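Chain E is fixed; fit chain U onto it per the hints.
Listed here are the chains, written in short residue letters.
There are 2 protein chains.
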Amino acid sequence: MKFGIVIFPSKSMQDKANSFRKRYDPHYALIPPHITLKAPFDAAEEKAKEIAQELDNIVSEIKPFTLKVEKVSSFAPVNKVIYFKVEKTSELEALNEKLHTGYFEQEREYVFVPHITLGQEMSDAEHSDVLGQLRMMEFHHEQIVDRLHLLYQLEDESWTVYETFQLGKDC
Amino acid sequence: MKFGIVIFPSKSMQDKANSFRKRYDPHYALIPPHITLKAPFDAAEEKAKEIAQELDNIVSEIKPFTLKVEKVSSFAPVNKVIYFKVEKTSELEALNEKLHTGYFEQEREYVFVPHITLGQEMSDAEHSDVLGQLRMMEFHHEQIVDRLHLLYQLEDESWTVYETFQLGKDC
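Keeping their order, the protein sequence lines are chains E and U.
Counting from 1 along the first sequence, just add 47 to a position and that's the residue number in this note's numbering.
Counting from 1 along the second sequence, just add 47 to a position and that's the residue number in this note's numbering.
This is chain E alone, in the form it adopts within the complex (with noise of 0.2 Å):
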């Protein structure tokens, strides 16, 4: 089955993504607002709690971090996806990249750039109206993330937690 790695921002956060995913991103109702730190990847239900366990290996070794939002952007012209853009810190790249190498090895399809979707899928009329009226608001959220969740997918493609991992536990 298909699993993923995501950070969920605080409420407010989530509520404030929600407020424009409601309208604008169709993935709205299958999981709720996150920061994707691996794209989906296959596994065996078995495998599960073996991939916990490397996971815990690797989150212990990263302190809790101040996660900034201060502006909207968007994929265009490669992908017409509007997100709120997530401050690049050295525990999200350090994430990043133990999440693809060793155990997890992975080949990344784009560069990574931590991100909340807010709205994807969109006319092209529909995606420059949005990013337009989006980018004149102003956005100012920060908050300290202490926490990563192991997901999986069901069928009808909604995301079910198997299981949270708390940064820094040998810190």
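Please note that a few of the clues may not be correct.
One copy or two, either will do: identical chains are not told apart, so a pair holds if it fits within one copy or between any two.
In silico DSSO-like pairs for lysine-lysine, Cα to Cα no more than 27 Å straight-line [claimed, not checked]:
{"hint": "1", "residue 1": "Lys132", "residue 2": "Lys63"}
{"hint": "2", "residue 1": "Lys69", "residue 2": "Lys216"}
{"hint": "3", "residue 1": "Lys94", "residue 2": "Lys118"}
{"hint": "4", "residue 1": "Lys63", "residue 2": "Lys135"}
{"hint": "5", "residue 1": "Lys49", "residue 2": "Lys145"}
{"hint": "6", "residue 1": "Lys135", "residue 2": "Lys110"}
{"hint": "7", "residue 1": "Lys145", "residue 2": "Lys69"}
{"hint": "8", "residue 1": "Lys145", "residue 2": "Lys115"}
{"hint": "9", "residue 1": "Lys110", "residue 2": "Lys127"}
{"hint": "10", "residue 1": "Lys127", "residue 2": "Lys216"}
{"hint": "11", "residue 1": "Lys118", "residue 2": "Lys96"}
{"hint": "12", "residue 1": "Lys96", "residue 2": "Lys115"}
{"hint": "13", "residue 1": "Lys94", "residue 2": "Lys49"}
Bear in mind the hints are in silico, worked out from the structure with no lab data behind them.
Keep in mind that this is a model prediction, so the values were computed, not measured.
For chain U alone, kept in the frame of chain E given last:
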């Protein structure tokens, strides 16, 4: 904000439940299929870590157990809720009891009947019709439960997982 404590059954059970929930449960998109151990309760966001600590103490003393589902039932006439009936084990009873006393003091609205909701908020006619059909089907599901989840609710009434707790660490 509102917190809740649930068990997510295995992927196969969730897929089965969702095949019905999709049609019959308006809460389908708000939360994956689950067994509620403690009804939603109010607490400040800052209390999350404290709640997690208390929960950690409780689950460490209760061993993983076998969850069995054998039939579909309904809470009618009290509530027109159709559900997978989950066999009441001593572990489920102990969890429910500990989550309604001491730190987690909360008055129960109903007697604890562990279940996975499949349909609700239906008309009388639809309820009878769906229940009649599902009662005739055979279900046999058995799995080990080794974890539970603390969730919080967003403004749009959907739920996000705050933390997972593994049963029986101190057993």
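Here's how the hints hold up against the structure:
no.	hint	result
1	Lys132 <-> Lys63	within (14 Å within a copy, 37 Å between copies)
2	Lys69 <-> Lys216	neither (36 Å within a copy, 40 Å between copies)
3	Lys94 <-> Lys118	neither (38 Å within a copy, 29 Å between copies)
4	Lys63 <-> Lys135	within (20 Å within a copy, 40 Å between copies)
5	Lys49 <-> Lys145	within (19 Å within a copy, 34 Å between copies)
6	Lys135 <-> Lys110	within (15 Å within a copy, 41 Å between copies)
7	Lys145 <-> Lys69	neither (32 Å within a copy, 37 Å between copies)
8	Lys145 <-> Lys115	within (21 Å within a copy, 38 Å between copies)
9	Lys110 <-> Lys127	neither (33 Å within a copy, 48 Å between copies)
10	Lys127 <-> Lys216	neither (38 Å within a copy, 46 Å between copies)
11	Lys118 <-> Lys96	neither (37 Å within a copy, 29 Å between copies)
12	Lys96 <-> Lys115	between (32 Å within a copy, 22 Å between copies)
13	Lys94 <-> Lys49	within (11 Å within a copy, 33 Å between copies)
Of the numbered hints listed earlier, those contradicted by the structure are 2, 3, 7, 9, 10, 11.
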